[in-house]
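Asker: Turn these sequences into a full structure, and let the hints guide you.
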Amino acid sequence: MFTKSPLTLLTLLSLLIGFFNLGNALYGSSSPVVQLTASNFKSKVLNSNGVVLVEFFAPWCGHCKALTPTWEKVAGVLKGVATVAAIDADAHQSAAQDYGIKGFPTITVFVPGKPPVDYQGARDAKSIANFAYKQVKALVSDRLEGKSKPNGGGSSERKSEPSASVELTSSNFDELVIKSNDLWIVEFFAPWCGHCKKLAPEWKKAAKNLKGKVKLGHVNCDVEQSIMSRFKVQGFPTIMVFGADKSSPYAYEGARSASAIESFATELDVMEKKCGSAAICFISFLPDILDSKAEGRNKYLKMLQSVAEKYKRHPYSFVWVAAVTQPDLEKKVSVGGYGYPAMVAMNIEERSICSS
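With mature numbering (1 follows the signal peptide of the UniProt record, and there is no 0) applied, the sequence shown corresponds to residues -25 to -1, 1 to 331, in that order.
Mixed in with the good hints there might be a few duds.
Claimed, not checked - Label pairs and their computed distance ranges (CB to CB):
| no. | residue 1 | residue 2 | range |
| --- | --- | --- | --- |
| 1 | A226 | Q10 | 31 to 41 Å |
| 2 | A97 | K183 | 50 to 60 Å |
| 3 | L276 | G75 | 47 to 57 Å |
| 4 | D149 | D266 | 44 to 54 Å |
| 5 | N15 | V56 | 16 to 26 Å |
| 6 | S69 | S102 | 28 to 38 Å |
| 7 | A269 | K221 | 35 to 45 Å |
| 8 | R205 | H170 | 17 to 27 Å |
| 9 | V141 | S232 | 13 to 23 Å |
| 10 | A235 | D99 | 50 to 60 Å |
If you are wondering where the hints come from, they were derived from the structure by calculation, not from laboratory data.
Model, not experiment: these values are computed from the prediction.
Beta carbons are placed, not taken as given, at the ideal position from N, Cα and C, and that holds for glycine.
Answerer: Structure (structure tokens):
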């Protein structure tokens, strides 16, 4: 006959915990490999001024265990040249998700000012170390030519001048942008980028003029590489539009002047507010009231109201604007050359247009 002893159960539990903890520790405290967590990832990797190689591993993964001695050898060889680190993707899933990690082990290389890339070469110490050394040489070359700066040197450039553009970081991006019902237009930049510096005064002016109407923000990709990777930013500056469907942001392809950005933002804001969450938005361009008179205008409006009532159970929105009052919008949807009234149907999700 067996009796249950609380002390025995606690002892067994502590032994089991110790056993599993031991199994999870691929790299001990004396290892030359830097051990990362979700909380220190930004400070040790994203804010680093040098090249960082990160192994995303799972403690149960046989290939990860096989790589361990090689990874420690690489860390020793590159000591003082590049940082070699590892993170338990089972224990810190958020960090792995940020970089789309699908399998283990995954080796990702972080270079200041550039998107992180996965290492695809041979898994021996010499191949990995040689690859890392090439990244270090390229970084030094870029800095000598003025193409790149340490994170500590150029990241404060935007902060030195007050701006209506909101500084976005990994800690506030989702709260301010993704969870918001507002339209956001976001610039992804790098402090060392010449085109970004040229855009800066125009962006600042647009943000000031749009304050209280449309939200503009900026992301320093030298510091916030996880955001850059998340939205697949490939070059600088990249301007992205986060509209009603925050899961499908798209790139702004217009002119990079304050006036062009303001015009685009204002029109888009009006359309998003008027069209709401409708799948199809019908926009009618009615003749000037001086041409159609009040009687003609009212006739058109009654017709639109009748159609809207008929299709009220469908995911449609009906909007009207007076002719020539929105010239930029008319130009974009190719309306105006054949007289008024005119109508366009906009597929909000696909941003495609059909005119009649």
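Asker: All hints, please: hold or fail.
Answerer: Each hint tested on the structure:
no.	hint	verdict
1	A226 <-> Q10: 31 to 41 Å	holds (37 Å)
2	A97 <-> K183: 50 to 60 Å	holds (53 Å)
3	L276 <-> G75: 47 to 57 Å	holds (50 Å)
4	D149 <-> D266: 44 to 54 Å	holds (49 Å)
5	N15 <-> V56: 16 to 26 Å	holds (21 Å)
6	S69 <-> S102: 28 to 38 Å	holds (30 Å)
7	A269 <-> K221: 35 to 45 Å	holds (42 Å)
8	R205 <-> H170: 17 to 27 Å	holds (22 Å)
9	V141 <-> S232: 13 to 23 Å	holds (21 Å)
10	A235 <-> D99: 50 to 60 Å	holds (52 Å)
Violation of the numbered hints given earlier is absent; every hint is satisfied by the structure.
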